[in-house]
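4 protein chains.
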Amino acid sequence: MVAPKNCKWFLEVLGPDEGHLHGIKAVLFSKETPFQHLEVVDLGDYGRALVLDGKVQSTAADEFIYHEALVHPALLAHPDPRRVLVIGGGEGATLREVLRHRMVTRAVMVDIDREVVEICRSLLPEFHGGAFDDPRAELVFEDARQWIEAHDERFDVIIIDLSDPIEEGPCYRLYTREFYRVVHQRLSGDGLIALQAGTVAVHDLLNFSAVHRTLSSVFPIVCPYTANVPCFGLPWGFQTASKQVDPRTFSVADYEERIGRRIAGELKYLTGALCAAQWALPKHVQARLARETRLIEDDAPLYT
Amino acid sequence: MVAPKNCKWFLEVLGPDEGHLHGIKAVLFSKETPFQHLEVVDLGDYGRALVLDGKVQSTAADEFIYHEALVHPALLAHPDPRRVLVIGGGEGATLREVLRHRMVTRAVMVDIDREVVEICRSLLPEFHGGAFDDPRAELVFEDARQWIEAHDERFDVIIIDLSDPIEEGPCYRLYTREFYRVVHQRLSGDGLIALQAGTVAVHDLLNFSAVHRTLSSVFPIVCPYTANVPCFGLPWGFQTASKQVDPRTFSVADYEERIGRRIAGELKYLTGALCAAQWALPKHVQARLARETRLIEDDAPLYT
Amino acid sequence: MVAPKNCKWFLEVLGPDEGHLHGIKAVLFSKETPFQHLEVVDLGDYGRALVLDGKVQSTAADEFIYHEALVHPALLAHPDPRRVLVIGGGEGATLREVLRHRMVTRAVMVDIDREVVEICRSLLPEFHGGAFDDPRAELVFEDARQWIEAHDERFDVIIIDLSDPIEEGPCYRLYTREFYRVVHQRLSGDGLIALQAGTVAVHDLLNFSAVHRTLSSVFPIVCPYTANVPCFGLPWGFQTASKQVDPRTFSVADYEERIGRRIAGELKYLTGALCAAQWALPKHVQARLARETRLIEDDAPLYT
Amino acid sequence: MVAPKNCKWFLEVLGPDEGHLHGIKAVLFSKETPFQHLEVVDLGDYGRALVLDGKVQSTAADEFIYHEALVHPALLAHPDPRRVLVIGGGEGATLREVLRHRMVTRAVMVDIDREVVEICRSLLPEFHGGAFDDPRAELVFEDARQWIEAHDERFDVIIIDLSDPIEEGPCYRLYTREFYRVVHQRLSGDGLIALQAGTVAVHDLLNFSAVHRTLSSVFPIVCPYTANVPCFGLPWGFQTASKQVDPRTFSVADYEERIGRRIAGELKYLTGALCAAQWALPKHVQARLARETRLIEDDAPLYT
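Protein chains in written order, with the numbering used here: chain A, 866 to 1169; chain B, 866 to 1169; chain C, 866 to 1169; chain D, 866 to 1169.
Calculated from the structure, these hints are not laboratory results.
This one's a predicted model, so the numbers in the text were calculated from it and none came from an experiment.
Not one of these hints is a red herring.
Copies of the same chain look alike in the list, so a pair counts if it works inside one copy or between any two.
Derived lysine to aspartate or glutamate pairs resembling DMTMM-like cross-links, with alpha carbons at most 20 Å apart:
1) Lys-890 with Glu-877
2) Lys-1148 with Glu-1122
3) Lys-1108 with Glu-1043
4) Lys-1133 with Glu-991
With the hints as constraints, model all of the structure from the sequences given.
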């Protein structure tokens, strides 16, 4: 160990035998909210980061990858996305990407933790880019499960942007078959949902494949895909699900045309080619999805 | 910090402000060879791993991803790959994947460090899978730059499987324009080369883009692509280069047909679809490649 | 983080917010015995170390400090120590120091874990220095609580050389008032006991003071003292207890005379002056001992 | 690794193969001053801490141990300490302890780094306890070597409270024989100096013994002693030096009487007994001091 200039390290525990370390430049905020441990940290090469319960949610350097990968495939595949629901997504960056779609007329964001949103609003202005002030946006601070069960509004696209469903966190009941069934009811006929679904690292595929199995028990079309978000320390997985539309059937040209016509400004991560290519999964991931039997249910959470 | 069951940790330094941690189950070998620090370590979820100069080269759990991604795209794109040169690749897993191609009649592997190869042979039998004993294989322990300059044999495919070109390591002169020019001379007219080219993490693209720029100054066709090798802790980049053949022009069906006909046994990572899809790069990576001006030369190494 | 030559680290968790790191040169042994996790590790500057349940027990570089500090004050204070019982002490170094006392005619060592002793015997020869083969020594592999309750042999000195009484470990019932009462019965009238009693770091005095309170409920004379064992990462505490003899009443000259006459060979850590001086505790430690009310009992362990 | 509540860690590098970890609660200040890297961090169990160049200088939990051990032995041994010079000591806690001596009429503190003092003044109020505002105190922001060479004022006690003399730091020329000769000239006939002198860990005694050798080449009486400051992660060493007075000759009663008469308020660490006992060094430390030949000189620094 040669003396480092920086002596402050952020350790993200990735599993019982794995972790990722970031140098800390500054700790901007740290508090136990009623729902989770909330921190905003300035991390070495990645810049400002939102951290919830010790897990890096997104960083200034690569949040564009995560949020473009999460939002655009589903919205681009929809023929005419007007009403969008964002579940979670406290940074406001998911909302920001949703609102870049010119067709969107209404975007409701439901996040349980008002403090997360307020802190992100003030400390991470480039993450939301003013999205919270867009007149098309409505912010709701409520448990999303409760909210969606109580509101029968239908949406064209529902983006679920949550932490992984660890038991202690606030998100566990937002990954179950019962929840997805309500989501299915709230989705218009040609609607799609999209969600982050945990790592796709070869030794840690349970979450990704169980989410896939659970979605497949509710939706006829489930499309898993991956993206590299370097700050996570492991390769990452996403999934869309829908009743009719399969985003894997669109060509590069389809995606390019829709990107050009529908999205304001320039994308930084996605291209038409990447939109079309990203569905090609590694063979071992396909194999794991094919043999997964685990369903996530309200009374059978993934981790107990 | 709750008491972990394992107290022994492998820390891979990824940069001045970033690291990746693995639990250590056992240290099987550790020695300073004349060329580098050589270790074989049993790592938590990843199993046995080859470590050179503190960098994880490959692990039992995910070496198949790295080696399939490195070897097959170039060999599949070649019309009739018979003679293959492997530079580096001490584990023998690159050689193993090369020899799965039924058309290959001769595979020369040149690695400077006999001790690495001998230790891998005895401690990592599943990495080489007996490849060192294949009658088509020839092993040479010599500096690859010296060897290739001294031998005018021509090859259909040349796989360069080396550590990143840090100054102190043995590999620096195997990443320069001068070296690639000799490689170009040793390549048959429809030949291709393939190499690992470092991380493609958004904050650390210099190596990947400088290698791309340097290759492009020698070869008319350079095809960068990426693969997720989780043990590396960051997303990873590869590149092929050639005089005539462009692997991006092959269809899914082309790749599937060639995989089925040419390769013995089942692939675990690659599919025809992934072979065709993997060339779609993130837009920000493309942008960085497009504006990179840095050339790696014998008297202008990347890191000084 | 500048690239360290060594990438393998031993992390000893000292508390929820504190740890100590050692570079690992080699892992010589690692196994889950029926009683604990047993490891022999070669640690950077400290050399070979015995590690039980992730806690460094002693290292080649500084075990002489720990074992001299543990053994000699009690034996030197006794007028004529002939029969000595060692409880725990798997390395054999406590036994080694006991047997350096020329007056000792019988030393029984009771350790629950035969594998620990066997591994120390073969991998840590300088720790035991042949003590296991001394004709005065008897080795018993049995639970010490059970053994001492079942055997009514009386001893002049009883050395208790155990890990701290964490719940999961094998040692918890060897730190309770009930146990000390049996120890009291097995001790000759002018006998003394000595034990390691955890850290004396200012923020972590509970174990040291609760042991002191518990001993004081059984023995009329309890003498706490400290020693610096650097590998532990925190300052360390010891205690003697007795029915009649108070080692704090001996002068420097007394200790020097007894060291010279009774102990074979040269001490490396203790001097007569240090024997006499070591009882002077920091004022804040005294204050904590004075106000501690916590008793450790069979049905009221320290940590639950 | 089980998920820790805190993910932010302060890593103090203690040597090439050793480190100490503290959980970080908050980072209150972090800046590169013209002289060093300055941080105030709230550390897990230790509370607020001053950190210079990555080294913990003192913490709320145990700074009383360090500062009482550094200041009082020398002042108590002096027959009538009126004028005191403090070199370094940015926290103000050394000054605070000096000013508790009722006899002191003038205390000059010379620290090169105004920013350290200002930050400590505002963020560490319990460390200085108002000492900077004491009318007897004079603060000088200047290189202490330069200041002492330029001022021929004589002092009864000189306390040198600096970081270890690593080459890059500002302190190296304040540990040399040339500097101690000037200090000797500025000391009254019955004066004493006191200084912290690095760790006394068995594997890392060079600094402590070279300082001792260097002091002994200038002063006839040099008295090394130790104290446990847990936050340092290793046992710590101090030394006094003088022309005539030997603090080792005072009895427990002498120290108790002087503590009671001279010092305002209650001590928290030192007692008369500890003052008298602390000079008893481990035998191996004595042996190392006896055989040390290394002199620290302006043109022969300890680390190059």
